[in-house]
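Participant: Below, each chain spelled out in residue letters.
2 protein chains.
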Amino acid sequence: MNRLPFAIALVHRPVVDRRGDLVTTAVTNLDVHDIARTARTYGVDRFYIVTPVQEQLTLVERILDHWHQGHGAEYNPHRGEALGLVRVTASLQDALADWGQEVGMEPLPVLTGAKARDGLSYGACRELLKTRHLMLVLGTGWGLAPSLFANGWPVLESIRGSSDYNHLPVRAAAAIMLDRLLAAGAGEK
Amino acid sequence: MNRLPFAIALVHRPVVDRRGDLVTTAVTNLDVHDIARTARTYGVDRFYIVTPVQEQLTLVERILDHWHQGHGAEYNPHRGEALGLVRVTASLQDALADWGQEVGMEPLPVLTGAKARDGLSYGACRELLKTRHLMLVLGTGWGLAPSLFANGWPVLESIRGSSDYNHLPVRAAAAIMLDRLLAAGAGEK
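Listed in order, the protein sequences are those of chains A and B.
All the letters of the first sequence, read from the start, carry residue numbers 1 to 189 under this note's numbering.
All the letters of the second sequence, read from the start, carry residue numbers 1 to 189 under this note's numbering.
So that you can see chain A by itself, here it is in the shape it has in the complex:
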């Protein structure tokens, strides 16, 4: 597909917990690995891990080192290749600023959530990819905080499975969204 460079961000703050309270979630090794591998498979150009917690930021750097120079690099070079997409920033604003500097244009954040019933359609988002530098923003915990949705940024339509149950792991949601947006022949499937 003919598109501009595209980034994703996994946000650990501001997000909400199951009661809807504002929280900071912990970065998990698994989210970093799973989403990086999926992002690499779909040709995503950058994967931002957003966390304001210095210890968590350091944890991610340690993970990256392990797979880039450590035993991991020897054991499984594919991991290092995927993790090469990863950057860590203290805020979504920092991620957007970094990505904007990288592409030399102001990027457009596209928010995601399980409740966005009448959001931006996947087809419309695929069209946007041709003219804008998008950053797909995924929330951990029970989703991105309401404050982010107050910015007037586009919101991708929620994934509807085929049941009323809608509690996808963020790792699965990321995979489904990237497949719908970026797979070879996406839109014709």
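Check the hints yourself; a few may be wrong.
Some residues of chain B that are not near chain A, with every Cβ distance over 10 Å (derived) [unchecked claim]:
#	residue
1	Pro14
2	Gly20
3	Leu59
4	Val60
5	Asp65
6	Glu74
7	Gly100
8	Ala116
9	Leu128
10	Asp179
Computed footprint of chain B on chain A, listed as stretches where at least three residues anywhere in the stretch have a Cβ under 8 Å from a Cβ of chain B [as the list claims (entries may be wrong)]:
#	segment
11	26–40
12	74–83
13	151–161
14	164–176
Treat the hints as calculated values from the structure; they're not laboratory data.
For every residue, glycine included, the Cβ atom is placed at its ideal position computed from N, Cα and C.
For chain A, the structure is supplied; the task is to place chain B on it using the hints.
Facilitator: Same frame as chain A, now just chain B:
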């Protein structure tokens, strides 16, 4: 979508490791949770965990108990709802026999793998769902063992992202496959 009951199976033996050697992989708590939640979201009727290792089988039963009757049930009922789809069997044959008994017809296994370039298309598989009781078979480790592919069962075309890199976590592959096969409006997207 108008379809017959549909099951998936996550196989821990026979699978291969990165050298292609036959191995038995460990059941991970995460695979069980992630794939159960995704399966529940897409209305999958049954999720089989296939492992010949008694200890692993016991582990899964403990996980299920925790979320059905344990603290988990109180903390997050949605998990128990998803895990209600899970069954554990010692072999894929046992899973097929159990599913066949459940639906009163011989089920058709559909194998999956990262290398099945010219396999069954998603469109053809959606058609099959209307007339056969399918069981989508996913491999852990580095994929299902060659012996399984010698059975003449259909093989679903591999997921092509938009790069030459193809190392999706099985959790992500499962999510993408279920979305392509079962999402509301799948095939028109």
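Participant: Each hint needs a verdict: does it hold in this structure or not?
Facilitator: Do the hints match the structure? See the list:
Interface exclusion of Pro14(B) from chain A stands, the closest Cβ pair being 22 Å apart, more than 10 Å. No Cβ of chain A comes within 10 Å of the Cβ of Gly20(B); the nearest lies about 15 Å off, and the non-interface call holds. Once the 10 Å rule is applied to beta carbons, Leu59(B) is consistent with being away from chain A; the minimum gap is 18 Å. No Cβ of chain A comes within 10 Å of the Cβ of Val60(B); the nearest lies about 18 Å off, and the non-interface call holds.
Taking the minimum C-beta to C-beta distance to chain A, about 20 Å, the non-interface status of Asp65(B) holds against the 10 Å cut. Distance to chain A confirms Glu74(B) as a non-interface residue, since its nearest Cβ pair spans about 12 Å, more than 10 Å. At the 10 Å boundary, the C-beta of Gly100(B) stays outside the reach of chain A, the nearest C-beta of that chain being 23 Å off. The non-interface label for Ala116(B) is consistent with chain A: the shortest C-beta to C-beta separation is roughly 15 Å, beyond 10 Å.
Look at Leu128(B): its CB is around 16 Å from the nearest CB on chain A, clear of 10 Å, so calling it non-interface holds up. Interface exclusion of Asp179(B) from chain A breaks down, the closest Cβ pair being 5 Å apart, not more than 10 Å. As drawn, the segment 26–40 of chain A meets chain B at 6 residues by the rule of a beta-carbon pair under 8 Å; at three or more, the given contact holds. Check on the segment 74–83 of chain A: 4 of its residues sit with their Cβ under 8 Å from a Cβ of chain B, so the three-residue criterion for coverage holds.
Beta-carbon proximity to chain B at under 8 Å applies to 3 residues in the segment 151–161 of chain A; the threshold of 3 is reached and the given coverage holds. With 11 residues carrying a beta carbon less than 8 Å from a beta carbon of chain B, the segment 164–176 of chain A meets the three-residue requirement, and the given coverage holds.
Consistency with the previously given hints fails for number 10 only.
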